[in-house]
Structures are given as structure tokens and as C-alpha cells.
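*Asks:* Read off the chains here:
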Amino acid sequence: MKNFVDLDHVSLRYGEDGDGTLALQDASMRVDGGEFVAVVGPSGCGKSTLMKVVTGLWPATKGGVIVAGREVDRPLSITGMAFQNPTLLPWRTTLDNVMLPLEVAQPHASKLKRERAAYEAKARDLLALVGLKGFEDKFPWQLSGGMQQRASICRALVHEPSLLMLDEPFGALDMFTREELWLALQELWIARKPTVILVTHDLREAVFLADRILIMSARPGRIIAERTVELPRPRELSMTYEPYAVGLVHDLRDHISAARATV
Amino acid sequence: MTDMALPTPADTPVRRKRRPLSRSKVFRRVLPWLVVAALFLLWQLFVDGLQIEPFVLPSPTAIFAAGWQWRGPILDNAWQTFMTTTVGFGIAIVFGLFTGVAIGSSSLVYDGFYPALIGFNTIPKVAVVPILIIWFGIGTIPAIITAFLLSFFPILVNVATGIATVEPELQDVLRALGASKWQIIKKVGLPRSMPYFFASLKVAITVAFVGSIVAETVGSNKGIGNFMLVASSRFEVPLAFAGLLVTGAMGIVMYAVCSFIEQRMTGWATRSTDSAVFTPGG
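Chains A and B, in that order, give the protein sequences.
All the letters of the first sequence, read from the start, carry residue numbers -6 to 256 under the working numbering.
All the letters of the second sequence, read from the start, carry residue numbers 66 to 347 under the working numbering.
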């Protein structure tokens, strides 16, 4: 689907009486269905705000937000989200954590009781796909940080959302774990082709994972440039050290440094 | 180092296995009894050594003797106190849970009611008892109400805190799925506040005893509070002390019950680090 996500000159000011921080100003972006887009930018540029606007968690102050052909005026239940903090529920096992969205999101919630076995099998498949087979009945605190993050991504995907929003999901992990999860995420994406918007600070991550990279300005944020990543899929980690990817990382870096300098 | 002073928590259903206790664990279990015994022994030696008069400070043996002699009335009155305390405590649990959820889940209700609640909690409950007696007469009801008034506040505050401090990201995850406010409370807020809730029960049960005994002392014809008042007015000091000991024992028993339920219900919150399965490589 063309222009699955369509932000048209969106501004957002926090606070009710118009004197809060202006987080976004005239931000415009388009993401096609099934596309993997990364958003990079200097810290505090409103990347997370952008996520909230797209998912309908915060209404835009100005401008139009259209997702899946519909004006966004309240939270969309077609999204899955994962954050830097895995936010798993410590009183639930890994499997139950992953199944949480199914208890809430329609139409799954009303079918869950009757088709529990089928749903559970699906959740187990998903966990196996990210290498968590055998950990379904463990509690989150029995998993390492990387495993928790994998479970968190499974939770974001279990209800088969057509839009996956990832807010620095690998930010708190060490480099090796991070790279492993890039591969796992790429595999998931190739298998299911959801539309992904990934917010990240890690430029190599953006280059490795995304079809297209959007660069944001310093606050108030807007999209100032974009780059298409011309690397074949499935990508390999070594590709990020080849001249093309390195050049792209440098190019992105220059843009972000320039954006930072204007603060 | 991860052991608790209380009986070690049976962490999770997965790990609940009876293992033979090591020597240090046996010692840990026995230690509280040893401490109590040692205290009584010191007390006895102190009183005997300095020949303190029984109406100033009776010795433990004198207290136990008096307690045994009057065991009938003591049990009778202790039962009354136990009953008023648990009824008041029970009402406090229900009330504390409901208002805690209401206050914790809405910042409007929170802002509106919290100052009034703080003000109310600041009033010494001793001062309320005479009013309760005017309304309900001498006896059981003022004691129940006082126990309730003292014990609901810690429960309410803890439940409200647990619910109000749900991580914003987690709320976003659920809201983005179309979850209603009540669903977020049910799936996340309530389970999350359970450790706070059970911790508060341990505080609440002890102050509930304080409440019912205060009420019995100020105006009642029954209960341990009244019993001690009568005993001391007759200068039967050992008997008054026996009443104190019985109260302390009831408090410990109820605390242990709450603590046991807490470990059963929220083992996930008091897990020990050595149970973590660490698999490197994420």
C-alpha cells in the first residue's frame, strides 16, 4: 500500500495551553506499506514524539496524520510497540507476556478464549523464531537483557500488527547482542513484512535494517533529509563495514552534526 | 546474603521444592525464639537480682503464673480483641483496595481527595473514640471502627502508589492496542500493586491491633485493652503485663499470616538473585 503512513506538516506542542515545548514542527513523512524506515537525529529531536503521533497516543497540534487510509484521532490497534526498556510484566511468564496484546487488542481478545491453543502455538512459534524456544515458561527476571528484548519484540508482533513501532529497542544492549537482534529482526521482517518505523541513535543499525532512513532536525523536529539504502536482502553484518555502508553512515553523521550545530 | 530475616520465601511455583535445611538455615529459623527466650531470661535475672517489687515490674515467671491463673478471662478478652481487630482490618482491606485503585488510577481523584485523607489520617484516633462511643455506645463497634480507621490508610496509600506508578511505556503499549483504562488497571496496575498491597497489610494489621486496644481502653467493657485497664487499676500488675504479652503474641501471629500470604501471592517480587538463569549471548 502506497503511503501507509502519511504525516503532512505535523506540529506538536506538549501542554494544554499552548506554552509547552514545541516537539515537532512541520514534520512530513510518508512510509509505504511493508517498508522498513529508520528515523535518526540528534538526541531530544522529537523522535519519540513522532512515534506517539503516528500511533495516535498524542494528537497532533497541527497538520494531518493518516495511517492505513484513515485519519488518526485515537490510538490505533493495528500497531505493535517496543521500547528501549523491555517493560515485560514480572509476574507473567515469557509466553504470557507475549500473549498480553491478544488479551487486549480486537478482534483477538474476543476470540482468545475459544482459540487459545491456536494463539498459544502462534506465540510459541514467534518465540522460537527469535531463539527463545525453551524459555516460554521462564519469568522475565530469569532472562538476560537481550532475551527480554527479544520477548518484548515478540509481544509487539504477536497480534500481527501491520505497523511496528520500535523506539530504540536495542539501545540498552551490548554490541554483540544488538547485532544478533538486528539479524533476528530482519528475519522477522522478511517473514511477515509489517511496516516498520524504527527510531534509533545507532547509524549502523539504521543502515543495516532500513530500506530508507529519515533524518530529523534538532528540536522542534522535522524531517530534513532522507537516504535510501541500496543493499540487497537478506543483509549480512559484514555489509555494514563495506565502503557503501560506511560512506552512508558518514553521510548521515554529517547531517546530524549539522543539525546539532544549529541548536 | 539474599536470605530474608523471615522464613525464606518460596520463590515461584516453578522453584518450590522442599530442600533439607542447612545448619545455618536451621539456626536462622530458631534464632527468633532464642532472642525471645534470652530477653525473658535477662528480665527475670534483672528483676530477681535487684529485688524489684512486682507492682513496679513483675518478673516473667510472675506474669506467666498470673496469666495461667486467669487464663479463662484472658482468652475470652483476647478473643474479643482478635475479633474486633480482624473485622476492622477486613473492612480496611476492602475499603483500602477500592479507594486505592480509585485514587491511584485518576490524577483528578488523587488531587481532590488526597489532602483530605492526609488531614484525616493526622487526627489522633484516640480523640475519635469518645465520639464513636457517643454514636454507637460502649463495646464492640467503636473498637472495630477504630481498628479500621487506623489500618485503612497504609493499605490505600500503597495500592494507590502501585497503580499510579505504572511505567508510561507500558501504558503506551497497552493504549496503542486499544486498551481501556480499566483494562490497563486490571492487567498491569493491580498485579503490579500487589507487592505494595501485601507489604502494607503487615503494617496495617499491627496498627489495627493498636486501634482496637485503644478503643477498648478508652471505652469498652470487654477486650484485652479493657482487661489491662481493670488489672492495673487493681494493682494486679503481673496480670496487666500478661495482657500485653498476649497482645504482642496475637500481633506476631497475624503478621506471620500476612507475610505467608504475601510470599505465596507475590513471590515474583521477592525473588532472590541466585535463582536467575543466566544464559549469555542475549
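Incorrect hints may have been included.
[Claimed, not checked] Incomplete in silico selection of chain A near chain B, CB under 10 angstroms:
(1) PRO68
(2) GLU96
(3) SER103
(4) LEU105
(5) LYS106
(6) ASP160
(7) MET232
(8) TYR234
The set of hints was computed from the structure by calculation and includes no laboratory data.
Cβ coordinates follow ideal geometry from the N, Cα and C atoms, glycine included.
*Asks:* How about A/TYR234: closest beta carbon in chain B under 10 angstroms, or not?
*Replies:* violated (21 angstroms)
*Asks:* Would you settle whether the hint for A/ASP160 is holds or violated, based on the nearest Cβ-Cβ distance to chain B being less than 10 angstroms?
*Replies:* Result: holds, 8 angstroms to nearest chain B Cβ.
*Asks:* Return the status of the interface hint for A/MET232: holds when the least beta-carbon distance to chain B is below 10 angstroms, violated otherwise.
*Replies:* Violated: closest Cβ of chain B sits about 21 angstroms from A/MET232, beyond 10 angstroms.
*Asks:* At a threshold of 10 angstroms, is the proposed contact between A/LYS106 and chain B supported by beta-carbon distances?
*Replies:* violated (15 angstroms)
*Asks:* Against chain B, run the beta carbon of A/GLU96 and see if the smallest gap drops under 10 angstroms.
*Replies:* Given a least distance of 7 angstroms, the restraint on A/GLU96 holds.
*Asks:* Interface hint check: A/SER103, Cβ to nearest Cβ on chain B, cutoff 10 angstroms. Holds or violated?
*Replies:* violated (12 angstroms)
*Asks:* For the hint on A/PRO68, just tell me whether its beta-carbon gets within less than 10 angstroms of chain B.
*Replies:* Interface hint status for A/PRO68: holds (5 angstroms vs cutoff 10 angstroms).
*Asks:* Can the hint on A/LEU105 be confirmed by a CB-to-CB distance to chain B that is less than 10 angstroms?
*Replies:* Constraint on A/LEU105 not satisfied, violated at 13 angstroms.
Hint compliance for this structure: hints 3, 4, 5, 7 and 8 are broken, all remaining hints hold.
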